Structures are given as structure tokens and as C-alpha cells.
Amino acid sequence: MRRLGIAAVGLLAVALVAPIAITAVGAFSRAEWYGERSEGARVADAPALFSYVTETWGGALLRSAEVVVAVAPMALLIGAPAAWAFRRRPFPGSRLLESAALVPLAVPGVALAFALIQTAGGFPRFWLLVGGHLAYTVPLVVKTVGNSVETLDPRLEPAARSLGAGRWETASRVTLPLLLPSLILSALLVFAVSWGEFNVSFLLATPLIQTFPAGLYLAYTTNSFPVAAAATVVFLAPVVPALIAIQALGGDEFHRGLPA
Amino acid sequence: MTRPQPIAPSWTGALLALPLLLFLVAGVAWPLAHLASRALTEPGGAAVREVLVAGRYRTALVNSLALSAAAAVVSLLLAIAPAWVLARQRFRGRDVLRTAISLPLTFSGVLVGFLMVVLLGRIGAIPKALGFLTGREAFAGAAYTVGGLFIAYLYFEVPRAVMTLESAFRRFPGELDAAARTLGAGPLERLLTVALPIAAPALRSTLAVTFSASMGSFGVALILARRFTVAPLEIYTEMTGFLNDDVAGALCLALAASTLAVGRLLAAGRR
Chain C
1 MRRLGIAAVG LLAVALVAPI AITAVGAFSR AEWYGERSEG ARVADAPALF SYVTETWGGA
61 LLRSAEVVVA VAPMALLIGA PAAWAFRRRP FPGSRLLESA ALVPLAVPGV ALAFALIQTA
121 GGFPRFWLLV GGHLAYTVPL VVKTVGNSVE TLDPRLEPAA RSLGAGRWET ASRVTLPLLL
181 PSLILSALLV FAVSWGEFNV SFLLATPLIQ TFPAGLYLAY TTNSFPVAAA ATVVFLAPVV
241 PALIAIQALG GDEFHRGLPA
Chain Z
261 MTRPQPIAPS WTGALLALPL LLFLVAGVAW PLAHLASRAL TEPGGAAVRE VLVAGRYRTA
321 LVNSLALSAA AAVVSLLLAI APAWVLARQR FRGRDVLRTA ISLPLTFSGV LVGFLMVVLL
381 GRIGAIPKAL GFLTGREAFA GAAYTVGGLF IAYLYFEVPR AVMTLESAFR RFPGELDAAA
441 RTLGAGPLER LLTVALPIAA PALRSTLAVT FSASMGSFGV ALILARRFTV APLEIYTEMT
501 GFLNDDVAGA LCLALAASTL AVGRLLAAGR R
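Protein chains in written order, with this note's numbering: chain C, 1 to 260; chain Z, 261 to 531.
Please note that the accuracy of each hint is not assured.
Unchecked claim - One side of the interface only, derived from the structure: several residues of chain Z facing chain C at Cβ under 8 Å:
# : residue
1 : G287
2 : P364
3 : L375
4 : V378
5 : G446
6 : C512
Derived from the structure by calculation, the hints contain no laboratory data.
Just so you know, these numbers come straight off a predicted model, no measurement behind them.
Quick reminder that beta carbons are idealized off the backbone N, C-alpha and C, glycines included.
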């Protein structure tokens, strides 16, 4: 029975990873899969293939990085103080606000993107993108930090205060260090979600402001298989280490993941 | 040991949560309210009627609902056993398997669609392998059918269901199961009378999570859908192809409202 269960888990893992493995092999093999390549000799071998990908979608890669760099600190600043307040300094309506914070996860990205364009179309596109990404990352921060605050001893902060520490000293020397693992975990979750976000980003994309997943769409629809496979590998390269770190930190909230 | 002081309502708390409140209002509630208010006035109202009454728009909505419901139920059934094993058993390689299973959660929808094409496209790996083994290529081009779309949905919903259930199963009170066993209950009886009632809220919230993710899924259908259409794809087409903002807005509203309503329904009674 026990063996059977473990075998089922293994089988599931293999079924989920096999398509990636097949694709990655496609990126590194020189076989003329899928016939003529429109890119010709420029993708003759693996190094040329990858430099072709980073050249063609370099702008989108950079844009994705910029979005992540803007979204991660903002999501933490919006989500973490609120998560702490919900547990330690509840106020009238705080429960309602806490459950409202999770609602965006259930709003289809396409609908939110359309609504954002309709209401705030005059804003620079980059900041609309950041706003859309925040909607799907702030809830994860609120949950992750909230769970972590729950496990802290509620007497630590009053103890620090009674020993003469001021508010800021208590926050910076007691609360923040204790919450650091969950803040790091939150930042990783934000990265993993923001890096792969497509539904909002693709609708908000302009020819100039485009994230890498939108570039992936172009690679899949207009390029040969080896180029598409290589672009997939480039997409996955930062995600896999982030995911391993998330698992190591016990990233429970990651099960919400991305709406594909 | 003294009990912690009862906490009085606090302005500090409200102040710390203010950025969250402002963001939710300005970034989410206001745009969605604007969407709804447009639909209540003409010509938005006419577009809502057009979407709900008949034709391809309603078909797209119904397709989304049916596909998402089916994907939610099937992924839940497939996820129960792996989630239980991951949550309750210690074995070598558990962390590696867990990481592997959660990998698809980071994937864009387009990536999942592409993987489906690699496996089951017209020159897909599975048809080629079958051709090599049996001499007859089967399932070529299956990725572009409803079945292919469904498998793609399962590809990103099963990991989500496993991870959601796993964190619920970890909190499962094992001693109750043990008590039922000492009282002579067999495995099936324990499953039906102890485990399932306790796990019911987790099962429902898993359904809610996977259902809403499927409803919002756009990239997969963008790559795979041919004759079959889903609501997010239809919204995209109306918006960028036909520049028909009224219909796109009405579809957005119908999609968001039905997603949130079903999610509420599944979460209702969860305490």
C-alpha cells in the first residue's frame, strides 16, 4: 500500500516533468526537428541557438526583469505590514479587509487587464503592468507573512517594549528579523508568479512594452521548434532555482501559483 | 504564565493596512466596478444581453464553465492519493518529487500549450513514439482538440490541487483515524466516515482554487484552441481583433462574476 502510494507520486512527477525534458532535449539537439528552420544557419548549434533567443527577445527579458524588480518590493510593502496588523493590531473591518485581499486571485487576469485599460488607459503601460502583477502577488504576501506572524510568540514584542525598546527598535530588532524567512519566501513567490504571468501581461503589452512570456508566445507561433524550445529553457532557467528555494523554505502558499 | 494582553482596536493597525486598502480599491475594485457600471448603461447593457442570450459568446462562457468544472473535479480526484502520500509519509526523495510536482505552477499558459503541442501536436512526441513502437501513429494533432485542451488544463491543475490538498492533509488529525481503527472500522469505513467528512472543507476549497484558475486560463487556449473557444480567448479576440469594447467588457463581467460566484458557493460554509 505504502509502496503503491509512493509509486503514484513518482508517476505523477514523471508525467509532469517529461514534457519539459523532451522540450529541453529539443533545444540542445542539432537534429532537424520539425523540418526547415526559418532562422537558417543562425541557429545551427546550441550556443548560436541560445544567443539568437537572447538577442531576439532581449528587450522582453529586460522588461520582465524590470517588472519583477518593481513588483517585488511594492508587493512586500503593501502586503507585509497589513499581514502583521491583521494578527497583532486588529481594527474594525480588518477581517473583512483580510479576506478581500485574497479576492484578486479569483478574478480572471484577462478581465482585470481589460478593466485596467478601460479605467486607467492613460497611465504609462509599464505601471499598469506592475499594477496587474501586484493584484496576483500581494495576496500571496499577505497569506505567507500572515501564517508566519501566527507562529510567533505574541509575548515577544510586549517583552521588548517592557525592556525599554521603542516601537521602531522593536520592529527592526525583534519583529523584522523573526519575519525575515517569510519575507524572503514572499519575495521568491512574487518573483516566480511575476516572471511567468501571461494573462494580464499579454493584454497590456504594447510592441515596445512586452514581457518575456509574451515573447514566448511569439516564439511558439512564429519560430521553429528548436528556437521555441530554447526560449522555453531560457524562461525556466531562473524559475527552477527559485522553486527549489521556495520548497526549501516550505512555500505553502505557492499552491495558488499562476492562473495559466 | 500570563496571558497576552487583550488587544484593543488600534489605529496603528489601520494605518499599516492602509496601503493594502488603497491598492485593492484603486487597482482592483475600482476598475471592476467601472466595468460593471458600463454594463448597466447603454450600449454596454445591449452587449450584456447579446453575450448572455445566444451565439458564440454564450458558447464561450458555457465552454469555460464546463471545461473548468470538469478540470477541477478530475484534477481533485487525481490529486487525492499523491497529496495524502506527500503529506503523511516520509520517504527518500520526497522533497525532489514535491518540487517536481510543483514545477508546472510557475508556467505561463502559453508554455503549457506549447508542451502540449510538443507531446500531441501533428508531429508530436507521443504520436511519433507510438508510430515507432506499433507502426501506426495515433493521436497526431490531438493537442488541438477539446481533449488536448482538457489534458493541458489538467497539467496545470493537478499540481495545484496536490499542493492545496497536501497542506490541508498535513493538519489532518491522525489520532482520529487511529481511534476509528481501534474501534474496528475498516479502511473504506474510515475513509467514508472519518477522513472524508474532515477533509470536506479542504476538498471544496481545492475545487474553488482550481476552478477559478481554469476560468482565468488564457494562454493555453490561445495556443491550442481551434474550433473550440473559451471566454478569455473570446475577450481577447473581441478586444484586439474587432475592437468591440462593449462586448469584451460584457464578457469580462460575465466571466469575472461567474468565477467569483462559483468560488463563493464552494467556499460557503467553510469555517
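Tested hints:
1. G287: The hint holds - Z:G287 has a Cβ within 8 Å of chain C, the shortest such distance being about 5 Å.
2. P364: At 6 Å from the nearest chain C Cβ, Z:P364 passes the 8 Å test, so the hint holds.
3. L375: At about 4 Å, which falls below the 8 Å cut-off, the nearest Cβ of chain C leaves the hint on Z:L375 intact, so it holds.
4. V378: Holds: closest Cβ of chain C sits about 5 Å from Z:V378, inside 8 Å.
5. G446: violated, 13 Å
6. C512: This hint holds: Z:C512 lies near chain C, its Cβ roughly 4 Å from the closest one there, short of 8 Å.
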